[in-house]
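For the sequence shown, the residue numbers in this note's numbering are 1 to 421.
Be aware that one or more of the hints could be misleading.
What the hints assert, rightly or not - With a cut-off of at most 20 angstroms between alpha-carbon atoms, the simulated DMTMM-like pairs for lysine to aspartate or glutamate come out as follows:
1) 264 <-> 297
2) 324 <-> 344
3) 126 <-> 184
4) 126 <-> 180
5) 324 <-> 193
6) 264 <-> 294
7) 126 <-> 218
8) 89 <-> 344
9) 260 <-> 177
10) 324 <-> 369
11) 324 <-> 375
12) 260 <-> 344
13) 324 <-> 376
To be verified - The calculated label-pair distances, taken between Cβ atoms and stated as ranges, are:
14) 72 <-> 174: 12 to 22 angstroms
15) 286 <-> 154: 44 to 54 angstroms
16) 305 <-> 264: 33 to 43 angstroms
17) 398 <-> 185: 18 to 28 angstroms
18) 333 <-> 272: 33 to 43 angstroms
19) 258 <-> 174: 45 to 55 angstroms
20) 239 <-> 287: 39 to 49 angstroms
21) 272 <-> 180: 23 to 33 angstroms
22) 272 <-> 181: 21 to 31 angstroms
23) 368 <-> 277: 16 to 26 angstroms
Derived from the structure by calculation, the hints contain no laboratory data.
Cβ atoms here follow ideal geometry from the backbone N, Cα and C, with glycine treated the same way.
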Amino acid sequence: MLRREKNVAAAIANGGRRREVVVAVRTKLLLNVGVDTSGDWLWRYFTLPKSESKVIGLIDLSQALAALDDSSPGPEVIAVEVLPGSENKFPTSHSAVLSLSLLDDSSNLSRTLFIKKVTAAAMAHKPWADRRRTLAYIRTEMRFYQEFAEALASRAGVRIPRAGITRGRLEALGDSEVGDPAGEEPAQEVLRDCGAILLLECAEGYEQMSPLPPRRAEAALAAAARLHAAGWEQQELLQAAAGRLQRHGGSFALSIRNPKELTKLRGNWARFVDTFGPLAPELFARPSVLQLGDRLEAWSGWVAQQLSPGPEAACATIVHGDFKAMNVFLPPDSDDTRQAMLIDFASTGVGYGMADVAMHLSHSVAPADLADGGEERLLDAYLQALEVARGNEAAEYPRELALRHYRLAVVDYGRFVVQLC
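Please put together the full structure from these sequences, using the hints given.
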């Protein structure tokens with residue numbers, strides 16, 4: 001028996017002040033990457049043989065805390081529970097906050113970790129093309145934490161959750177990119193264990209809200225500005241990101257979408273006008289508004305090309321790619337000492353920072369707060385934060401060019417929204 005297992009056994013036998021070790025069945029189901037029907041999952045949970053097992057166990061949780069604390073050996077985890085109310089199950093992912101009990105924890109403080117799991121088995125009801133895309137997204141996020149997060153965090157003070165464990169079995173994807181054709185579905189024995197698990201630092205003491213009032217939107221934009229500054233025109237970093245993350249960052253980047261989506265724009269917009277036209281008849285009577293679907297169909301390809309810089313392009317950087325309110329954790333409004341934290345890097349890649357700004361203002365800020373100069377004030381706040389984060393010696397990002405990138409990105413995001421209507 002390993003030393004850790006002896007310590008756990010002693011803790012259970014002695015009772016002490018620690019609560020009884022409880023591993024709920026639903027916790028096991030949450031942590032299992034594959035499908036485990038062997039019946040001995042509880043024992044295997046305590047005797048996890050490193051990375052070869054399909055189950056994340058107590059040793060792994062201890063190692064995750066050691067990685068977050070930058071210590072060796074780290075605290076020893078003897079029990080784990082899913083924090084009530086924290087579990088989220090979606091068709092494409094499963095996540096929760098884990099509450100950990102530590103051996104000889106004299107401080108009596110609980111520790112928490114956030115776990116995110118994506119598996120092909122959980123999406124077996126979906127077509128392979130949809131499963132492949134979702135698996136490619138989690139691969140991007142896993143690679144971001146493994147290969148890019150530390151460098152970006154150190155360059156411009158970007159606040160990103162630290163990763164304790166990033167583990168995946170994604171060989172079924174081969175070398176394909178997110179937007180590549182799905183190809184032939186792999187054999188079921190390959191897909192059975194295909195997936196990834198991330199164990200991340202929890203955003204304790206932070207909060208989320210939507211829509212964001214202007215002051216909170218400024219804090220979110222400042223966090224994005226630090227991310228953009230960290231990757232700004234860093235060709236070696238961007239070359240790596242183009243190959244390992246998304247060549248063109250963004251959940252709505254046309255290069256990763258189904259080309260058939262463009263054919264839906266005209267009809268979708270016509271239905272939108274029919275549905276909402278009576279609520280604002282003067283607005284929807286304008287020829288420019290009525291013809292928006294036609295113009296989007298005609299120009300979306302060109303707009304997307306203008307927003308698809310290569311790693312060597314001027315002003316190219318790392319973009320978050322899905323920069324909405326739910327992907328930002330904010331410190332309390334009264335706390336001016338901490339920065340906003342960015343999460344969910346499944347669509348991160350190379351692009352222009354204004355693509356993140358355009359999505360954020362369109363998705364996360366109420367229209368009333370963008371009116372009467374509100375949009376311009378938030379753009380100015382972002383550009384000022386970007387200038388500060390890049391430093392005094394950085395080349396200028398001309399305002400006229402920045403606004404051009406922003407306007408094009410608004411159109412690009414609008415195309416994505418209309419095709420969803």
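Okay, the hints, checked on the actual structure:
no. : hint                            : result
1   : 264 <-> 297                     : holds (8 angstroms)
2   : 324 <-> 344                     : holds (10 angstroms)
3   : 126 <-> 184                     : holds (14 angstroms)
4   : 126 <-> 180                     : holds (18 angstroms)
5   : 324 <-> 193                     : violated (31 angstroms)
6   : 264 <-> 294                     : holds (10 angstroms)
7   : 126 <-> 218                     : violated (39 angstroms)
8   : 89 <-> 344                      : holds (16 angstroms)
9   : 260 <-> 177                     : holds (18 angstroms)
10  : 324 <-> 369                     : holds (16 angstroms)
11  : 324 <-> 375                     : holds (16 angstroms)
12  : 260 <-> 344                     : violated (27 angstroms)
13  : 324 <-> 376                     : holds (19 angstroms)
14  : 72 <-> 174: 12 to 22 angstroms  : violated (35 angstroms)
15  : 286 <-> 154: 44 to 54 angstroms : holds (50 angstroms)
16  : 305 <-> 264: 33 to 43 angstroms : violated (20 angstroms)
17  : 398 <-> 185: 18 to 28 angstroms : violated (48 angstroms)
18  : 333 <-> 272: 33 to 43 angstroms : holds (36 angstroms)
19  : 258 <-> 174: 45 to 55 angstroms : violated (20 angstroms)
20  : 239 <-> 287: 39 to 49 angstroms : holds (45 angstroms)
21  : 272 <-> 180: 23 to 33 angstroms : holds (31 angstroms)
22  : 272 <-> 181: 21 to 31 angstroms : holds (30 angstroms)
23  : 368 <-> 277: 16 to 26 angstroms : holds (22 angstroms)
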